[in-house]
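Those sequence lines, one after another, are chains V and B.
According to the working numbering, the first sequence is numbered sequentially starting from 55.
According to the working numbering, the second sequence is numbered sequentially starting from 55.
The set of hints was computed from the structure by calculation and includes no laboratory data.
Honestly, I wouldn't trust all of these hints.
No copy is singled out in the list; a pair is fine if it fits within one copy or between any two copies.
As the list claims (entries may be wrong) - Derived lysine to any residue pairs resembling SDA-like cross-links, with alpha carbons at most 20 Å apart:
| hint | residue 1 | residue 2 |
| --- | --- | --- |
| 1 | K237 | L345 |
| 2 | K119 | Q173 |
| 3 | K365 | E378 |
| 4 | K368 | E378 |
Only a predicted model underlies this, so the values are computations on that prediction, with no experimental measurement involved.
2 protein chains.
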Amino acid sequence: MATLAPNSKKHKVCIVGSGNWGTTIAKVVAENTAQHADLFEQEVQMWVFQEQYQIPKDSKHFDEKNDKGPQKLTELINGLHENVKYLPGIPLPKNIVANPDLVDAVKDATILVFNLPHQFIAKTCEQLQGKIVPYARGISCIKGVAVSESGCELFSDSIGQKLGIYCGALSGANIATEVAQEKFSETTVAYAPPSQDSQQPTPAGTPGASPKGSQLDLTKLNDGVKGAKSSGKVNLTPLPSEYPSLHHANVKKLFHRPYFHVHLVNDVVGVSLGGALKNIVALGAGFVDGLGWGDNAKAAVMRVGIMEEVKFGKTFFGDSVQTETFTEQSCGVADLITSCSGGRNFRCAKMSVKEGKPIGEIEERELNGQKLQGTSTAYEVNSFLRKVGKEKEFPLFTAVYLILEGKHKPEEIPALLNADA
Amino acid sequence: MATLAPNSKKHKVCIVGSGNWGTTIAKVVAENTAQHADLFEQEVQMWVFQEQYQIPKDSKHFDEKNDKGPQKLTELINGLHENVKYLPGIPLPKNIVANPDLVDAVKDATILVFNLPHQFIAKTCEQLQGKIVPYARGISCIKGVAVSESGCELFSDSIGQKLGIYCGALSGANIATEVAQEKFSETTVAYAPPSQDSQQPTPAGTPGASPKGSQLDLTKLNDGVKGAKSSGKVNLTPLPSEYPSLHHANVKKLFHRPYFHVHLVNDVVGVSLGGALKNIVALGAGFVDGLGWGDNAKAAVMRVGIMEEVKFGKTFFGDSVQTETFTEQSCGVADLITSCSGGRNFRCAKMSVKEGKPIGEIEERELNGQKLQGTSTAYEVNSFLRKVGKEKEFPLFTAVYLILEGKHKPEEIPALLNADA
């Protein structure tokens with residue numbers, strides 16, 4: 055598949071994180087670096103938070119006679135080509151190299167794919183400061199946004215600012231295990247660093263064709279994104295011209311697989327918000343479904359929810375947020391559909407209404423100590439909306455909060471949504 | 055609720071049809087004509103195809119001692135205020151009058167709500183020709199479009215042309231019985247007759263304010279719709295100024311209920327297409343779900359399906375078709391979600407893959423002699439697409455057809471959708 059490389063250097067990729075989803079994305083990316091050898095170095099570094107792991111007796115890798123007891127997870131991954139702890143049973147491409155040393159893992163990497171629990175972002179970025187190549191580009195696969203009374207911050211923006219790099223986002227209707235098993239799904243990648251147009255992809259692959267004036271030509275970069283918008287907060291170091299341009303078509307080649315269809319957009323905010331706000335909507339859908347009101351009522355709540363997601367984005371992040379990101383992309387409507395089918399927020403909300411029990415009680419019983427994301431997001435978003443005096447403009451988000459608070463009943467949802475009728 | 059009427063005449067409504075969905079809409083409308091007595095005559099005529107009906111022994115209306123045997127359905131409806139045959143158990147407002155005489159039912163009606171099986175449209179309209187008031191307006195609640203090799207025709211357009219009136223459309227994620235039980239749902243009404251703007255609703259309710267030039271000011275009407283588009287095929291008789299203007303806010307008052315939320319749009323084509331094409335998408339979603347590929351794969355097929363619906367509308371009906379009608383309205387995304395949850399097309403397609411049997415066999419076993427709408431729509435749409443040489447531009451619709459034909463397997467859906475990657 056490789057063609058003659060027009061560039062003297064290739065992109066080196068590091069996956070920062072190695073949980074269930076991180077390892078899955080490493081597999082996807084490593085399959086692609088092998089396939090597109092003209093653009094990417096084959097080897098994919100995967101940073102692993104080191105731990106000791108004992109292969110369980112029911113694993114096919116367990117060898118009773120030669121069992122070495124607990125071993126380093128990186129050594130197990132590199133030896134068995136399987137993340138036996140976080141993605142058991144899925145063979146990994148041999149060009150993935152698990153690395154316990156964060157700084158060593160990111161060395162020379164021009165593309166950093168962040169895929170770790172959000173609470174580790176700050177500390178990890180601190181360790182990375184000054185250790186990455188200055189023209190590296192990031193993609194955050196971390197769902198959610200940090201919402202509080204004081205405002206909303208995208209994880210991709212936190213990463214970008216902490217490291218002084220551009221960071222895009224990947225989100226979609228993706229359950230890690232299903233993607234790892236190569237069951238069909240789609241995802242959305244938002245990638246739009248401020249850029250000149252001179253590196254637009256052209257049919258012949260020659261850079262420099264059909265330049266267009268960009269109003270946001272803040273820096274001279276080699277990212278080749280048309281109409282890109284910058285957060286304006288970071289002074290980016292240009293990607294040297296020895297590297298292949300990171301326009302949408304090339305970014306797509308890093309993630310797209312026959313079983314994992316990728317669509318590229320410029321709207322980082324929209325891609326990030328969908329994956330966070332959907333959890334509030336899923337609670338609302340669960341409440342209504344718990345009442346036995348049928349699929350139409352549930353679909354109505356979902357539809358209203360998508361529209362409130364759009365409004366939230368446009369109200370608080372400006373008009374560059376695209377309605378279509380929510381209504382047409384995997385990260386929006388499709389992710390919401392999945393979450394409202396069998397997701398835990400939906401399920402727990404439904405049980406709560408059906409059994410007439412507080413959702414906290416259901417959460418404790420069903421989630422084995424884990425917490426629902428939807429309830430905390432609903433509270434955080436409400437605290438923010440109250441602060442800015444906009445509770446009433448988001449009747450569904452507000453209704454879900456009021457129901458969680460016990461101030462309204464699920465039966466009142468239609469009336470609460472109907473305030474403007 | 056009634057206010058002093060600024061107009062000397064009120065709208066008289068007739069529901070043409072009295073099945074499950076027709077009777078439900080009659081209930082909704084009659085509740086609203088009673089509530090909005092300034093706009094509408096309270097009495098709602100409902101045309102009933104006359105038949106004899108024997109009240110079953112398990113009905114609460116059955117009186118063994120005084121049983122009269124089979125009776126006229128209209129007399130039962132008017133006596134019991136219940137459509138005992140087609141909507142049993144639901145009390146109807148007393149201002150619904152069941153009428154077996156079609157011509158008498160539509161007498162003086164300015165608003166005709168069509169809600170009957172599509173195969174009766176032609177004959178019913180023939181009987182109505184010359185018998186309706188010339189300035190009557192129609193709303194079609196009949197889902198589907200007539201697609202064949204020779205083209206696509208909207209049912210609302212057929213009605214409008216046969217009667218020489220404007221006809222809008224109502225469609226949404228609505229299961230008749232659930233709406234009748236006043237379970238929450240939403241719907242979309244498309245209503246946009248060609249019109250001058252002089253009757254736009256204003257805060258004070260005074261007509262004539264803020265007129266805007268309309269490029270499509272074909273006739274001088276009292277419908278008050280801004281930016282409306284005409285099919286251009288009918289020369290409409292203006293609605294006399296004695297009647298309240300039929301702008302969106304007033305049309306909404308005819309259908310909106312606390313349990314039935316209505317959104318008005320201008321896009322009749324989009325509203326009509328969503329309800330037809332969703333059945334093809336539901337088959338595709340069922341195929342994928344039958345493979346056990348999980349909710350993400352299903353959501354991906356649904357997302358692609360919405361986008362193909364949009365493309366179908368824009369390609370064959372022009373750019374006045376609005377993407378938002380499909381991606382943001384109940385008639386689009388919500389109706390699709392409902393159909394892909396428990397709809398018969400989805401269920402039968404899923405069983406067909408799971409059991410490895412042709413869908414025709416499942417259809418026979420599960421549907422008691424009824425036919426799946428999705429399969430016939432998939433064949434009709436494919437025959438049309440082949441005729442115009444655009445099969446490849448609609449990879450999901452085409453894939454569903456090819457799978458029904460046995461020429462491809464459901465496992466090939468990702469590859470068939472990926473043709474352009």
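Which of the stated hints cannot be reconciled with the structure, identified by number in ascending sequence?
Hint 2 is the one this structure does not satisfy, whereas the remaining hints hold.
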